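Peer 1: Chains as they are written, first to last, in the numbering used here: chain S, 1 to 125; chain E, 126 to 283.
No lab work stands behind these hints, which were simulated from the structure alone. It cannot be assumed that every hint is accurate.
Capping the alpha-carbon separation at 30 Å, the derived lysine-lysine pairs in DSSO-like fashion look like this [as the list claims (entries may be wrong)]:
{"no.": "1", "chain 1": "E", "residue 1": "166", "chain 2": "E", "residue 2": "220"}
{"no.": "2", "chain 1": "E", "residue 1": "220", "chain 2": "E", "residue 2": "156"}
{"no.": "3", "chain 1": "E", "residue 1": "229", "chain 2": "S", "residue 2": "74"}
{"no.": "4", "chain 1": "S", "residue 1": "74", "chain 2": "E", "residue 2": "156"}
{"no.": "5", "chain 1": "E", "residue 1": "156", "chain 2": "E", "residue 2": "229"}
{"no.": "6", "chain 1": "E", "residue 1": "156", "chain 2": "E", "residue 2": "166"}
Since the structure is predicted, the reported quantities are computational estimates derived from the model, not experimental observations.
Read off the chains here:
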Amino acid sequence: MRLSEVAEALEAEVLLGDGLLETEVAAAGAADMVSDVLFFGRPGMLLLTGLTKASVVRAAQVADLSAIVFVRGKRPDEEAVELARDLGIPVLLTSHSLYDSCGRLYARGLPGVIPARQRESPGIQ
Amino acid sequence: MEPTPTDRFANRYPILGGGFFLAGRASGEVKRRLSELSLPKELLRRVVIATYEAEMNIVIHAVSGEVAISVEGDAIRVVAKDRGPGIADVQEAMKLGFSTASEKARSLGFGAGMGLTNMQRCADEFRIASEVDRGTCVEMTFRPRPVDSKEEQQDDGN
Chain S
1 MRLSEVAEAL EAEVLLGDGL LETEVAAAGA ADMVSDVLFF GRPGMLLLTG
51 LTKASVVRAA QVADLSAIVF VRGKRPDEEA VELARDLGIP VLLTSHSLYD
101 SCGRLYARGL PGVIPARQRE SPGIQ
Chain E
126 MEPTPTDRFA NRYPILGGGF FLAGRASGEV KRRLSELSLP KELLRRVVIA
176 TYEAEMNIVI HAVSGEVAIS VEGDAIRVVA KDRGPGIADV QEAMKLGFST
226 ASEKARSLGF GAGMGLTNMQ RCADEFRIAS EVDRGTCVEM TFRPRPVDSK
276 EEQQDDGN
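Let's have the full structure, built from the sequences with the hints guiding it.
Peer 2: As structure tokens, this is what we get:
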């Protein structure tokens with residue numbers, strides 16, 4: 001699913017990354033804990049979160065994630081926005097809840113990150 | 126003179142305990158520097174994730190510390206050393222979910238009690254030594270892995 005389709009499905013505002021909306025997102029995950037992101041995040045994963053701090057942006061950089069969606073109308077801290085801008089990480093804002101946002105993307109065919117054994121192709125890695 | 130492999134990259138990053146504002150900067154810099162070495166992506170990723178966990182542990186728990194990175198042949202070594210309270214029971218601290226992180230750290234999304242486990246999972250060699258009221262030292266070595274190896278197998282159990 002392209003990032004533009006993610007934005008559409010979530011009726012999201014694109015805060016950062018207007019030029020990156022053609023990016024293909026293979027899978028998504030949701031977390032409010034940084035270590036969770038580092039633990040199950042996969043390269044290219046879309047992250048949905050309610051954590052609005054710079055730490056979540058740093059985690060996205062460290063784990064090679066593709067973009068961040070802040071849910072439930074939350075706006076990331078100034079510091080978080082600055083860091084995402086510096087690192088070139090797209091940021092989307094949606095008023096939908098975490099649960100609804102995940103549901104909307106899942107219903108449109110965007111899978112969660114898949115444990116290695118169940119994976120058929122190493123595409124997500 | 127040809128540089129030896131260890132000359133390719135070696136660097137130390139000082140880290141301030143409680144320095145939440147700067148937190149993650151060292152790991153970001155490590156990622157940027159290591160990216161220039163055309164290492165296998167999965168290797169780079171594990172090194173940077175473990176380095177970030179180690180950096181955050183110092184920020185959250187210690188007075189001060191440093192992370193040192195060196196490339197030795199095809200292996201990467203990360204040593205995170207701090208001056209701080211130390212860990213009374215390392216076995217206990219290694220348990221998934223065990224955390225003594227402050228409210229401040231938790232408000233930033235830390236304190237899941239997964240940091241040490243995650244470092245161990247990412248590294249191919251992991252050693253931790255700690256002394257109460259002195260500090261903690263974590264030594265990690267990373268080597269390229271075939272795809273679908275340790276990291277992902279362990280995911281299935283979690």
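Peer 1: Indicate, hint by hint, whether the structure satisfies it.
Peer 2: The hints, checked one at a time:
At most 30 Å may separate the alpha-carbon atoms for a hinted pair to count; residue 166 of chain E and residue 220 of chain E meet this at roughly 28 Å. A distance of roughly 28 Å separates the Cα atoms of residue 220 of chain E and residue 156 of chain E; the hinted pair therefore holds under the 30 Å criterion. For the hint pairing residue 229 of chain E with residue 74 of chain S, the CA-to-CA distance comes to about 19 Å; that is within 30 Å, so the pair holds. Restraint check: the Cα-Cα separation between residue 74 of chain S and residue 156 of chain E comes to about 29 Å, which is no more than 30 Å; the hinted pair holds.
As the CA atoms of residue 156 of chain E and residue 229 of chain E are separated by approximately 26 Å, the hinted pair is consistent with the 30 Å bound. For the suggested pair residue 156 of chain E and residue 166 of chain E, the alpha carbons sit about 11 Å apart, so the restraint of at most 30 Å is met.
When held up to the earlier numbered hints, the structure conflicts with none and fits them all.
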